[in-house]
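Quick mapping for you: the protein sequence lines, in order, are chains G and A. Residue numbers for the first sequence, in the numbering used here: 1 to 201. Residue numbers for the second sequence, in the numbering used here: 1 to 284.
In case anyone wonders, no lab produced these hints; they're calculated from the structure. Certain hints may be false.
What the hints assert, rightly or not - Stretch by stretch, here's where chain G covers chain A in the computed footprint (C-beta under 8 angstroms, at least three residues):
#1 43–53
#2 77–91
To be verified - Calculated lysine-lysine pairs in the DSS-like style (CA-CA distance at most 27 angstroms, straight line):
#3 A:Lys-98 / G:Lys-2
#4 G:Lys-57 / A:Lys-205
#5 A:Lys-205 / G:Lys-2
#6 A:Lys-128 / G:Lys-57
#7 A:Lys-149 / A:Lys-98
#8 G:Lys-57 / A:Lys-125
If you're wondering where the values come from, they're calculated on a predicted model, not measured in any experiment. Positions of the beta carbon are idealized from the N, C-alpha and C atoms, including for glycine.
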Amino acid sequence: MKALILKDTYVIWRQMKYFLVMILIFSALPNGFNNAFAVVYASMLPYTALAYDERSKWDQMAAMMPYSTRDVVLGKYVFGWLCIGAAAVLSGLFQAVLSLVTDREVLPGTLVLSVLGALCILAITLSVMFRFGVEKGRLAMFLIIFLVCGTAGAIASITVSGDGGAFAFQGPILVVMSIAALVLTAVSVPLSIRFYTKRQG
Amino acid sequence: MNAIELSHINKFFGDFAIRDLNLTVPSGTICGLVGENGAGKSTTIRLLMGALRPDSGTASVLGADVFSPEFREMKEDIGVVLDEAYFPESLNAVQVGKIMAATYRRWDQELYDGYLKRFDLPASKQFKDFSRGMRMKLAIAVALSHQPKLLVLDEATAGLDPIVRDEVLDIFNEFTREEDHSILISSHILSDLEKLCDYIAFIHKGDLLFCEEKDRLLEEYGILTDSSEQVDCLRPEAIVAREASGYGGVRALIKRDLAPAGFQLEKASVEDIVLFLVKGAKNR
Numbered sequence: 001m002k003a004l005i006l007k008d009t010y011v012i013w014r015q016m017k018y019f020l021v022m023i024l025i026f027s028a029l030p031n032g033f034n035n036a037f038a039v040v041y042a043s044m045l046p047y048t049a050l051a052y053d054e055r056s057k058w059d060q061m062a063a064m065m066p067y068s069t070r071d072v073v074l075g076k077y078v079f080g081w082l083c084i085g086a087a088a089v090l091s092g093l094f095q096a097v098l099s100l101v102t103d104r105e106v107l108p109g110t111l112v113l114s115v116l117g118a119l120c121i122l123a124i125t126l127s128v129m130f131r132f133g134v135e136k137g138r139l140a141m142f143l144i145i146f147l148v149c150g151t152a153g154a155i156a157s158i159t160v161s162g163d164g165g166a167f168a169f170q171g172p173i174l175v176v177m178s179i180a181a182l183v184l185t186a187v188s189v190p191l192s193i194r195f196y197t198k199r200q201g
Numbered sequence: 001m002n003a004i005e006l007s008h009i010n011k012f013f014g015d016f017a018i019r020d021l022n023l024t025v026p027s028g029t030i031c032g033l034v035g036e037n038g039a040g041k042s043t044t045i046r047l048l049m050g051a052l053r054p055d056s057g058t059a060s061v062l063g064a065d066v067f068s069p070e071f072r073e074m075k076e077d078i079g080v081v082l083d084e085a086y087f088p089e090s091l092n093a094v095q096v097g098k099i100m101a102a103t104y105r106r107w108d109q110e111l112y113d114g115y116l117k118r119f120d121l122p123a124s125k126q127f128k129d130f131s132r133g134m135r136m137k138l139a140i141a142v143a144l145s146h147q148p149k150l151l152v153l154d155e156a157t158a159g160l161d162p163i164v165r166d167e168v169l170d171i172f173n174e175f176t177r178e179e180d181h182s183i184l185i186s187s188h189i190l191s192d193l194e195k196l197c198d199y200i201a202f203i204h205k206g207d208l209l210f211c212e213e214k215d216r217l218l219e220e221y222g223i224l225t226d227s228s229e230q231v232d233c234l235r236p237e238a239i240v241a242r243e244a245s246g247y248g249g250v251r252a253l254i255k256r257d258l259a260p261a262g263f264q265l266e267k268a269s270v271e272d273i274v275l276f277l278v279k280g281a282k283n284r
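Can you build the whole structure from these sequences, using the hints too?
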């Protein structure tokens, strides 16, 4: 699986550089939505890697190599988790640095909710992609954009109310989102393995 | 031991089917898989690599059932070159090497670097900017650099210039000097197969028409170029297929053991045999 994650990293390396710049810009903007968007957007990177795989017919090559179906599918999830984690760490660090030189606050609630939202989006969209493929899954692209923007917006409004002293409201949301991320991932991974196996014939 | 054993494989796709495919490649030999476009060569390769599940029949490679969990381990011993090198386009040769080093336990980086040099492949050029010949050379370098025991090559020499093709064929020949090393190679370049192979398997519209030792095949058939009347004198079952050869003459593929003694038959090449067999199959 390490090889497959390495491949995905190389494949989207160029986009990653732009993505890195985007994280920094969005993290710097003084708005919860922007901060959340930077992290939630990371959940789209495995989708890009999958599109490259499909274009080069990498799956045909992978079927000849000592990778299991589980490795191929789970590799995309792990890659997504790593992207989301890296985006959250970078965004958090940048916000912390900014808080030292400006009077703005770090929003840890936004960051945590963003990670959980991104995990949910990854779980929903990846199984759709494994089922229909990236080409046919264009409609899913709209779903992703809707989910990314909607989640970022929702997180921003939740944490804004949280920052106003209503952390009690944020707490249950965090629990619900954590459970949702866990359940969706637990359902999504086996489903994706099944879809991928079926598509391979 | 047999390197490859396909037994009574059936796979139906709707408008195309592989029917009752039996193919055995003994260990230490090179088998050439011949057939027209769409005859089922690539499908056969996908079936024997476990990438496609047959409707019925069994497949084993290097002694392992291709649908058993152990076969994944066995793939360490199999180098595969498909009809296209399906590496993601944004990768370069160095990155491909690093990915393969993380894929194969016995990856030999020095050997890979040696092949990159030998094939004159640029280290940092993106794969999308490679010519077809360069792409195939990269795929061959990868297939050879993890110390495989079996090479499965699907049109691996297509797109290579004659000089590199000759060099690649020499590399394949070197590879089978180890007695447990085997190759299954499909190619449209029949002269390459004649030079390289111990066995020739001929697949036509999903049916394996034969899998025979090349030398036996060449002994079995001969070419008769003569007048139409002279060819008609032969028993019909001796004539595999015929074609007009100019000035009213006929060129025919003849089964030597069914031709009367004294008939002067030319030596048939693998290309002659295959082309006549396809014609014969189409006329039937």
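Against the structure, the hints come out as follows:
For the region 43–53 of chain A, the stated coverage by chain G is satisfied: 6 residues place a CB nearer than 8 angstroms to a CB of that chain, which reaches the threshold of 3. With 11 residues bearing a CB less than 8 angstroms from a CB of chain G, the region 77–91 of chain A meets the requirement of three and the coverage assertion stands. Pair hint Lys-98 of chain A plus Lys-2 of chain G holds up; C-alpha atoms about 11 angstroms apart against a cutoff of 27 angstroms. Restraint check: the Cα-Cα separation between Lys-57 of chain G and Lys-205 of chain A comes to about 25 angstroms, which is no more than 27 angstroms; the hinted pair holds.
In summary, the hint linking Lys-205 of chain A to Lys-2 of chain G is not supported, as the alpha carbons are separated by about 40 angstroms, beyond the 27 angstroms threshold. Of the pairs offered as hints, the one joining Lys-128 of chain A and Lys-57 of chain G holds, with about 13 angstroms between alpha carbons and a cut-off of 27 angstroms not exceeded. Pair hint Lys-149 of chain A plus Lys-98 of chain A holds up; C-alpha atoms about 22 angstroms apart against a cutoff of 27 angstroms. A hinted pair counts as satisfied when its Cα atoms are at most 27 angstroms apart, and Lys-57 of chain G with Lys-125 of chain A qualifies at roughly 20 angstroms.
Of the numbered hints stated above, the single one contradicted by the structure is hint 5.
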